[in-house]
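Novice: Using the sequences and the hints given, assemble the complete structure.
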Amino acid sequence: MASPSAEVRRVPPSSLLVSPPPSRNVSRKRSHNALEVDQGKVSSAKKNAALGISSAKKSRTEASSGASCNSNKKNASDRFIPTRSAMNLDLVQCNSPDTAAAIEAATKSGNKRSSGDSGTGTSSSTAAEDEEKQIYKKRLASALLGKEDDANHKILKFTKAKPAIAPPDSFKSTLQARFSHNKMSAVPAAAAKKLNRHVPSAPIKVLDAPELMNDYYLNLLSWGANDVLAVALGQCVYLWNAVTGDINELMGLEGDEYVSSVQWSDAAGGSAHLAIGTSESVVQLWDVTASRQVRTMNGHSSRVGALAWNSYVLSSGSRDSTIIHHDVRARQHQLSTLASHEQEVCGLQWSPDGTMLASGGNDNALCLWKAGSIGTSRSMQTPAHRLEQHTAAVKAIAWCPWERNLLATGGGTADRTIKFWNTTNGAMLNSIDTGSQVCSLLWSATEKELLSSHGYSQNELCLWKYPSMTKVKELTGHTSRVLHLAASPDGETVVSGAADETLRFWKVFGPNRKARKAGSSAAELSSSSLSSVMSIR
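Per full-length UniProt numbering, the very first residue in the sequence shown carries number 1; after that it's consecutive.
Treat the hints as calculated values from the structure; they're not laboratory data.
Don't take every hint at face value.
The calculated DMTMM-like cross-link candidates involving lysine to aspartate or glutamate, where the alpha carbons are at most 20 Å apart (straight line), are [stated by the list, open to error]:
| no. | residue 1 | residue 2 |
| --- | --- | --- |
| 1 | K507 | E474 |
| 2 | K465 | E449 |
| 3 | K507 | E449 |
| 4 | K370 | D353 |
| 5 | K507 | E460 |
| 6 | K473 | E460 |
| 7 | K473 | E449 |
| 8 | K465 | E403 |
| 9 | K471 | D500 |
| 10 | K465 | D433 |
| 11 | K471 | E460 |
| 12 | K370 | D433 |
| 13 | K471 | E447 |
| 14 | K471 | E501 |
| 15 | K448 | D353 |
| 16 | K370 | E388 |
| 17 | K370 | D266 |
Now the in silico label distances, taken between C-beta atoms and shown as ranges [stated by the list, open to error]:
| no. | residue 1 | residue 2 | range |
| --- | --- | --- | --- |
| 18 | R537 | R197 | 44 to 54 Å |
| 19 | R329 | T424 | 25 to 35 Å |
| 20 | S468 | R331 | 43 to 53 Å |
| 21 | R139 | N405 | 21 to 31 Å |
| 22 | N405 | S480 | 31 to 41 Å |
| 23 | Y456 | S431 | 17 to 27 Å |
| 24 | A127 | S201 | 20 to 30 Å |
Quick reminder that beta carbons are idealized off the backbone N, C-alpha and C, glycines included.
Specialist: Set out below in structure tokens:
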């Protein structure tokens, strides 16, 4: 048992080393009375508490627990030895004697110059020196540690610190993040990765697309599940393989006839079939693998500017203001005709689950049609919902891939808005004024983001965060209105086609690990030079 007069060595506050406690002779046989702490040890523990070593209450508890340690229980630290993992080493440099000496030298030299100029003595500048030291010390702590209060915190810790949960918006200063000894991130790794997703401002590839028609009402771009991009240039359709980079001409028209729309089949195993609409009211179906036309489907009386697949059903929208459903398997292909629009049908999209068709026209109307009505009547004039809030042509239509019954639409030059709809009841959820003609819309499959392409005067692509609709990124480079958008099969890369007769490939959306495959278009395109420009022909 240690005597009441046992002394404890004091540790200078500026020192970082703690001297070991003096040795004590402890009797092997301890009785219940021997475990009690006398008044002298309690007073010593109180003295040690001033140095951050221990408290009187803790010493009394530890003494009563016995000197022998349980072999199955590991103590975080000894009473007199600090836990190194809990130390705040960032305060070492700030509170070290060298730093204090440097601060004192700097303030003294400044005061000597000022006193020499003013003729005052050193006694009158003592208070000013102390004040300057404190100000300098606070500024130094603020720059290095992020907080002025940290300069007065303890360096040595004798208990294991509780894990701190940083708020999501917490951050470190630049100096602290770079030179900190305590490698504890303020932002969780997953959140930091998400926040730091970089969207390049420049396209990763550019293709020259001569004779890409400058017509707002046409749909001349489609990227299939087979990783082949179909582009309609005037009278011809070209295929660009994103993996190999090969370019082939699939078909060509004669005379004044031109291609007005293209769309890859989305049916299982049908990605090798391409639907082509022409200015002569004809819909052609091509087997791309064999490079031959499978069939021709009539029914319209004017050009076919919009196409949309739903399994084996191909829907076509025309300038004659009608929509025809074709069963590509049947000899009598025409299932039904939808006649609600009053002008050209320029936008056509089936919902991801295939239960509803959205159509947009030059009559400023958005119509929603239920799939259950297909084939029940040869002609229908009444859609499930006819929405007329747009004030210009509705060409840009995009169904949300991760939220059912959410539809985004964009209006033309006189409208300039992106509107969001609940297709169950036809209610408009939100409307955003973009400031320019909305030509095309594309949802991200991995993030809650929406990409829009615009016409005059911006001629840009805009990435929006949904549902706040804050603008994340503006992608510029096109010199004329960006009429078309299409996404790669993995969802990471987006191609834009503009009236400046160029195709630009952008790394816009985050990685889709489920859809990523070896040799995907994103991997191939990422290896391309940023300045590489070639012709699609």
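Novice: So, for every hint listed, does it hold in this structure?
Specialist: Hint check results:
Restraint check: the Cα-Cα separation between K507 and E474 comes to about 13 Å, which is no more than 20 Å; the hinted pair holds. With a CA separation close to 5 Å, the supplied pair K465 and E449 stays within the 20 Å bound. About 14 Å separates the Cα atoms of K507 and E449, which keeps this hinted pair within 20 Å; it holds. A threshold of 20 Å between alpha carbons decides the hint, and for K370 with D353 the separation of about 12 Å falls inside it, so the pair holds.
Straight-line distance between C-alpha atoms of K507 and E460 comes to about 15 Å, which keeps the hinted pair within the 20 Å bound. At most 20 Å may separate the alpha-carbon atoms for a hinted pair to count; K473 and E460 meet this at roughly 10 Å. Of the supplied pair hints, the one linking K473 and E449 holds, its CA atoms being roughly 11 Å apart against a limit of 20 Å. Pair hint K465 plus E403 holds up; C-alpha atoms about 15 Å apart against a cutoff of 20 Å.
Distance hint between K471 and D500 is unfulfilled; the C-alpha atoms sit about 25 Å from each other, more than 20 Å. At most 20 Å may separate the alpha-carbon atoms for a hinted pair to count; K465 and D433 meet this at roughly 15 Å. Our distance criterion of 20 Å between C-alpha atoms is met by K471 and E460, whose separation comes to about 13 Å. Between K370 and D433, the direct Cα distance comes to roughly 29 Å. Violation of the 20 Å bound is thereby established for this hinted pair.
With a C-alpha separation of about 14 Å, the suggested pair K471 and E447 falls inside the 20 Å cut-off, and the hint holds. A distance of roughly 27 Å separates the Cα atoms of K471 and E501; the hinted pair therefore is violated under the 20 Å criterion. Of the supplied pair hints, the one linking K448 and D353 holds, its CA atoms being roughly 19 Å apart against a limit of 20 Å. Taking the CA atoms of K370 and E388, the gap is about 18 Å. The hint holds against a cut of 20 Å.
Note on K370 and D266: the hinted pairing holds, with a Cα-Cα distance of about 19 Å set against a maximum of 20 Å. Checked against the hint of 44 to 54 Å, the C-beta distance between R537 and R197 comes to roughly 35 Å, which is inconsistent with it. Between R329 and T424 the Cβ separation comes to about 31 Å, which falls inside the hinted range of 25 to 35 Å. Take S468 and R331: their Cβ atoms lie about 51 Å apart, and the range 43 to 53 Å holds.
Roughly 56 Å separates the CB atoms of R139 and N405, a value that falls outside the hinted 21 to 31 Å. Checking the proposed 31 to 41 Å range against N405 and S480 shows it holds: the Cβ atoms sit about 35 Å from each other. Separation of Y456 from S431 is about 21 Å and conforms to the stated range, judged on CB atoms against 17 to 27 Å. Between A127 and S201 the C-beta distance comes to about 55 Å, which lies outside the given range of 20 to 30 Å.
This entry does not satisfy hints 9, 12, 14, 18, 21 and 24, going by the numbered hints stated previously.
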